[in-house]
Amino acid sequence: MSLTSSAAYLARRAAQKERVQILYRRALKDTLNWAVHRHLFYDDASNLRDRFDQNKHVEDVDTIDRLIADAEASYNKWRHPDPYIVPWAPGGSKFNRNPTPPQGIEIVYDFGREDND
Amino acid sequence: MALRAAVLRHLRVPIQTAPWRGGASLRLMSSHDDHITKDEVIDRVLSVVKDFPKVDPSKVSPDVHFQKDLGLDSLDNVEIVMALEEEFKLEIPDKEAVKIDSTHLAIEYISNHPMSS
Numbered sequence: 001m002s003l004t005s006s007a008a009y010l011a012r013r014a015a016q017k018e019r020v021q022i023l024y025r026r027a028l029k030d031t032l033n034w035a036v037h038r039h040l041f042y043d044d045a046s047n048l049r050d051r052f053d054q055n056k057h058v059e060d061v062d063t064i065d066r067l068i069a070d071a072e073a074s075y076n077k078w079r080h081p082d083p084y085i086v087p088w089a090p091g092g093s094k095f096n097r098n099p100t101p102p103q104g105i106e107i108v109y110d111f112g113r114e115d116n117d
Numbered sequence: 001m002a003l004r005a006a007v008l009r010h011l012r013v014p015i016q017t018a019p020w021r022g023g024a025s026l027r028l029m030s031s032h033d034d035h036i037t038k039d040e041v042i043d044r045v046l047s048v049v050k051d052f053p054k055v056d057p058s059k060v061s062p063d064v065h066f067q068k069d070l071g072l073d074s075l076d077n078v079e080i081v082m083a084l085e086e087e088f089k090l091e092i093p094d095k096e097a098v099k100i101d102s103t104h105l106a107i108e109y110i111s112n113h114p115m116s117s
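Taken in order, these protein sequences are the chains called A and B. Take the first sequence: its letter number 67 is residue 67 in the UniProt record's numbering, and every next letter is one higher. Take the second sequence: its letter number 60 is residue 60 in the UniProt record's numbering, and every next letter is one higher.
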C-alpha cells in the first residue's frame, strides 16, 4: 500500500468516525425526545448504544459506509416531529425575546419629571 | 400655576438613584441575568465528568483528554458532551460538539459561551 493510498484511507476513516459521532449524537438526542420519562430514556439510550456497538469491529470501509447510510436512513425515518429545543436557540420558545439592550444605552428613571419644573 | 409649581416643589420627593441601577449586569425577571464564573464552570464540568459511569473519578483533572487519558471511546465522548449540554442548558452545534474532546476544551467553550448558565 503506497503512502497516498494509506493517507486517503486514514482520512476516510476519520471522516467516517466523525459521521458516526454526529449520527450517535443526533440519535441520542432524539431518544430523549421520544422518551416520556427519564427512566425510560436510560433503557432506550442503552439499547441505542448496543446497536452502535454491534458493528464496532467492522473494518471494511465500504461496509462501514453502507452501515452508516442505513443508520442515517433509519434515524431520518424515526425522527421526532416536535423535538426539544433549548429556549434561546433558533426555533426555541425564547428565541429573540427580551434581548439585552445594546451597550451605551441607558434608561433614565426620572418618572416623568421635566427639566423646567 | 405659580402656586402649583410652588406647592409641587415642596411636595416632590427628590429623585435618588434607584438601587437596582448599580449593577448593569443584574436584570430582574431575566433567566440570564449574569454569567457564571470560570471557577464555577470548572467545578461543574469536573463533577459531570466524574459522574460518568465509565470514568475513574480520581483521574479527572481540569486538563484531561477523554479518550487518551480516561480510556473512553468516541461515543462516550459524545455522551459526556451531551451531559455537559444538559448541565449548562446549552445547545452546541454538532460539528463543534464533536471537537470537544477534553475537559480543557469543554471548560473553554462553556465559559466563553454567552448563554451557559
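Source of the hints: derived by calculation from the structure; they are not laboratory data. Hints should not be assumed to be uniformly reliable.
Said to hold, decoys possible - Residues of chain A clear of chain B, computed beta-carbon distances all greater than 12 Å:
no., residue
1, Leu3
2, Ala7
3, Glu18
4, Arg26
5, Ala27
6, Trp34
7, His37
8, Asp53
9, Val58
10, Asp65
11, Ala73
12, Asn76
13, Arg79
14, Thr100
To be verified - Examples of chain B residues toward chain A, derived with CB under 10 Å:
no., residue
15, Asp69
16, Leu70
17, Leu72
18, Ser74
19, Glu86
20, Glu87
21, Lys95
Quantities reported herein were computed from a predicted structural model and do not represent experimental measurements. Heads up, the beta-carbon is just placed ideally off N, CA and C, and yes, glycines get one too.
Hint-by-hint comparison with the structure:
Taking the minimum C-beta to C-beta distance to chain B, about 25 Å, the non-interface status of Leu3/A holds against the 12 Å cut. Annotated as non-interface, Ala7/A keeps its C-beta farther than 12 Å from every C-beta of chain B; the closest such distance is 21 Å. With a least beta-carbon separation of about 6 Å from chain B, Glu18/A fails to lie farther than 12 Å from that chain, contradicting its non-interface assignment. Non-interface status of Arg26/A relative to chain B is broken: a Cβ of that chain comes within 12 Å, the nearest being about 7 Å off.
The Cβ of Ala27/A sits about 10 Å from the closest Cβ of chain B, inside the 12 Å cut-off, so the non-interface label is violated. Non-interface status of Trp34/A relative to chain B is upheld: no Cβ of that chain comes within 12 Å, the nearest being about 15 Å off. With 12 Å as the threshold on Cβ separation, the claim that His37/A sits away from chain B holds: the shortest Cβ distance comes to roughly 15 Å. Some Cβ of chain B comes within 12 Å of the Cβ of Asp53/A; the nearest lies about 8 Å off, and the non-interface call is violated.
Here Val58/A stays apart from chain B, with its beta-carbon at least about 14 Å from theirs, past the 12 Å limit. Against chain B, the non-interface label of Asp65/A holds: every CB pair exceeds 12 Å, the least being about 17 Å. For Ala73/A, the shortest C-beta to C-beta distance to chain B comes to about 18 Å, beyond the 12 Å cut-off, and the non-interface label holds. The beta carbon of Asn76/A is kept farther than 12 Å from every beta carbon of chain B, the shortest such distance being approximately 15 Å.
With a least CB separation of 14 Å from chain B, Arg79/A remains clear of the 12 Å interface cut-off, as annotated. Distance check on Thr100/A: its Cβ comes as close as 7 Å (rounded) to a Cβ of chain B, failing to clear the 12 Å threshold; non-interface status is violated. The interface hint given for Asp69/B is broken, as the beta carbon of that residue sits about 19 Å from the closest beta carbon of chain A, more than 10 Å. Checking Leu70/B against chain A by beta carbon gives a least distance of about 16 Å; that is not within 10 Å, so the hint is violated.
Restraint check, Leu72/B versus chain A: the minimum CB separation of about 12 Å is more than 10 Å; hint violated. A distance limit of 10 Å between C-beta atoms decides the matter here; for Ser74/B the minimum to chain A is near 5 Å, and the interface restraint holds. Interface hint at Glu86/B: satisfied, since its Cβ lies 9 Å from the closest Cβ of chain A, which is below the 10 Å cut-off. Given the 10 Å rule on beta carbons, the hint for Glu87/B is violated: about 12 Å separates it from the nearest Cβ of chain A.
Given the 10 Å rule on beta carbons, the hint for Lys95/B holds: about 8 Å separates it from the nearest Cβ of chain A.
Violated hints for the displayed structure, listed by number in ascending order: 3, 4, 5, 8, 14, 15, 16, 17 and 20.
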